[in-house]
Amino acid sequence: MDVNTKDISTQSFDVLVIGAGGAGLRAAIESRSRGLGTAVICKSLYGKAHTVMAEGGVAAALGNVYSEDNWKVHFRDTVRGGKMLNNWRMAQLHAQEAPDRVLELEAWGALFDRTDDGRILQRDFGGHRYARLAHVGDRTGLEMIRTLQDKATSVGIEVFMEHKILRILTDANGNACGALGYTRPSGQFVLFKAKAIVLATGGIGRSWKYTSNSWESTGDGHALAFSAGADMIDMECVQFHPTGMVWPLSVRGLLVTEGVRGDGGALLNSENQRFMFNYIPEMFRAETAETEEEADRWYDDHASARRTPDLLPRDEVARAINAEVKAGRGSPHGGVFLDIASRRTPEYIKRRLPSMYSQFLELAGVDITREPMEVGPTCHYMMGGVRVDADTAATTVPGLFAAGEVAGGMHGANRLGGNSLSDLIVFGRRAGIGAADYAEGLTGTVEPEVSQATEAASEALSPFSREGGESPYRIHADLQECMQTLVGIIRTETELIQALDEISKLKDRASKVSVQGGREYNPAWNLATDLPSMLAVSEMVARGALDRKESRGGHTRDDYPSPDPEFAKVNLVQRLQDGKHTVQPEPLPEMPDELKALFEDDHAGQAPKEDH
Amino acid sequence: MTEVTMNIWRGDSSGGSFYEYKLERVEGEVVLDVVHRIQATLAPDLACRWNCKAGKCGSCSAEIDGKPSLMCMTRMDTLPNDKITITPMKTFPIIRDLVTDVSFNYVMARQIPPFTPGDPEPDGTYRMQQIDIDRAQEFHKCIECFLCQDVCHVIRDHEVNKLYYAGPRFFVKLASLDMHPLDTVDRRELIRQHLGLGFCNITKCCTEVCPEHIKITDNAIIPLKERVVDSSYDPIAWLGRKIRRKVKYTVEQAYALAPAQVAPTALDRVSATAIDDEGKS
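Line by line, the protein sequences are chains A and B.
Each residue of the first sequence is one higher than the last, beginning at 105 in my numbering.
Each residue of the second sequence is one higher than the last, beginning at 229 in my numbering.
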């Protein structure tokens, strides 16, 4: 079906932000506050983006609970948690700027839980040496998105709700200067012209069967950037959160916050053992408790006791749970037990974890103040993503910026809990500045190639003109099955090759789907237009996983079970080169000596000196 | 294995009717799961909104057997009948099937002068005691599912009132701003004259449907009514304000302090203008 320009309406802005979660809104606020015409595109309604589901908190070395905390400790925790694969400059900026960004949210109206002296309370989380997560019970993401939403409204940002972007448009010189999408209520196409574009589209979880992600997380930004020619890094590094719900089946994968363990919950197997004591890796042995007594004492006293192994970084805990279940020591529905009922009072649990309490009570009929939860790993977060310049969030495509989950590098091979919310506001702001600077520096008019837009629109409409093809729901289900079984927590070469073969068949099937009905709010058509993103991202994950012949962070290879020091020095970069999809190792940016020094004196419990 | 019949309203702004879908029951499912199974098998183009499927985003609002509810938090085994009826929210215009146009709410959000804090402590940060923010934190739990707006008879049964009435969601918002320890704006005249707090006759329907269990009527609306009435009609309170040291910003000052005027988007420009004009007349 051919589409001509008459069928496409046009909107023009200085800065276009694709994605209305934490990073997108923060970028838009920054750009708009500089006086630039700024639009935000939401895939859903305004304020429903996936940020809303973040539970535990936002990590920032405010030092309100432990005054020993500072950005260097946070930086070191982040890079060790990321198994040294992080972009050092991003990790540094993140640790340095997160406190200011959190305080800024407070000045914009956010109400974080308080310490006794009226400052922002901080909670313990996996991999963070000190209690560091500013939080609001277990609904921190909601507080954050509503605060940013109100701020964005007050500075006058144009919001396009329920729009799906199909393609980033470039001008004749290859500079990004527009985007083509459609609005879901009417199905009409819209061409957005902009001097600069910020991608803030979030994650990719919907390609897996069991995921904590909502329907929006189809990796649109990853796919858009890749097809626009941007470099992608470390796409094999996918985080499986150790604690998702496992029962009932219909809610399998739904997130159970790490805050349960941060606030005293312990993991148990079917033999009632705290099995995490058997899975302490060498890298973290010096700073992890050896006995249950020490682990329990640590909650109140970080000075004389070391942290509980229940709060090891997420990759370690997810692998441990996976191993326990495989060894036959799992819970009845194929997870393990997470017990806070026998360890904290009902009043404490309801005050600290109100949404966990109601989530389990209402969806599983489990009262978490009286009985343990059943939990297991769930696909949660994409560490890999678009390669960006740390300071400006610029991608390798001129005019295109990226922030938040869609950007790679910040979290290395494994993200620490709480570091994503801080990532959003630190790099959201930087992307806003980067895009605004770029837009202000441009002269002349912005002219995206119209043929790209009409081509993308025609392609999107093609499922309507085909008869007798498969349903997009069927292909989506098969893709989820494929990624869950073949590109899950533990990977092997044979399975990854099989996965790539299946993805290629699924791509072929997806190119022949049929959709009935009209364009107005048609979920089958919407899914059909999401499939290309999911398939592109799935392929990138599998190809990266095949080439990274080692185990590191979220990427675990059964056939290469150890980390390989050679792979520690490289990002796996994927890009389209002359129409060909390539994967190649490229050296990580070299960390300066003064930061390297932070990793040399590994004395557990001792903070690097603050001299900044 | 037992069967269930889902009786779902389908159509668009020009009209519609009920369609029946028969499916097997699956243990532990919520209504949204069944709607998804209908989409995957029987009616691929059945339109509904959803996002988180965990009661955290407030997207999948609908009326289940007549009761405004979140589809993702309504377990099938809590519904007694073998035939379950789902209709879209009645208060808002239909887009398609179970999807309604809720832009009224986003327009209303723009009428509220933004949070405007006072000066911070000398170190540049703020201090607040937990006990002073407990109530406002209750209001911040709102997930904007708009079920309270849907059930409120002031706008559910009287379309014209949408021009003069913010609705329970925004009374909760206004109460949260009013009770925020750092905020400095006095919005009481705006609430009384333009946002229609007086229309609410505290039937508590909003409280009953709130999936976050916010005590909308008792904790937000009634205290807000008391403060608004005090400010307008109580001579002693009026005198007290005159001699009180700390002066709050007026609504106009708050708008001026915001980095930019609250501006409607392309989506709601037309209706926003209508509300502005009517509200002032």
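I should point out that these hints are in silico values taken from the structure, not numbers from a laboratory.
C-beta atoms are modelled at their ideal positions from N, C-alpha and C, and glycine is treated no differently.
Treat the hints loosely; a few may be bogus.
[Claimed, not checked] Partial list, derived from the structure: chain B residues whose beta carbon lies under 10 Å from chain A: (1) Glu248; (2) Lys250; (3) Glu252; (4) Glu255; (5) Gln267; (6) Arg277; (7) Cys280; (8) Ala282; (9) Gly286; (10) Asp325; (11) Pro342; (12) Pro345; (13) Ile361; (14) His368.
Hint check, Ala282(B) versus chain A [nearest Cβ-Cβ separation less than 10 Å]: At 5 Å from the nearest chain A Cβ, Ala282(B) passes the 10 Å test, so the hint holds.
Can we keep the Asp325(B) interface hint, with Cβ of chain A closer than 10 Å? holds (7 Å)
Classify the hint on Pro345(B) as holds or violated, based on whether any CB of chain A lies nearer than 10 Å to its CB. holds (6 Å)
Would you settle whether the hint for His368(B) is holds or violated, based on the nearest Cβ-Cβ distance to chain A being less than 10 Å? Status holds, d = 6 Å.
Holds or violated: is there a CB of chain A closer than 10 Å to the CB of Glu248(B)? Cβ of Glu248(B) sits 19 Å from chain A, so the hint is violated.
Against chain A, with CB atoms and a cut of 10 Å, does the hint on Glu252(B) hold up? Violated, because the Cβ-Cβ distance from Glu252(B) to chain A comes to roughly 13 Å (cut-off 10 Å).
Can we keep the Lys250(B) interface hint, with Cβ of chain A closer than 10 Å? violated (19 Å)
Once the shortest beta carbon distance from Cys280(B) to chain A is found, is it less than 10 Å? Holds: closest Cβ of chain A sits about 5 Å from Cys280(B), inside 10 Å.
The hint names Glu255(B) as touching chain A; please verify it with the least Cβ-Cβ distance against 10 Å. Status holds, d = 6 Å.
Does Arg277(B) hold up as a contact with chain A if the rule is Cβ-Cβ below 10 Å? For Arg277(B), the interface hint holds, since the closest Cβ of chain A sits about 7 Å away, which is under 10 Å.
Do the numbers back the hint for Gln267(B), that is, is its least Cβ distance to chain A under 10 Å? Because about 6 Å separates Gln267(B) from the closest Cβ in chain A, which is inside the 10 Å limit, the hint holds.
Let me know if the C-beta of Pro342(B) comes in closer than 10 Å to any C-beta of chain A, holds or violated. holds (4 Å)
Checked against the numbered hints listed earlier, the structure breaks hints 1, 2 and 3; every other hint is satisfied.
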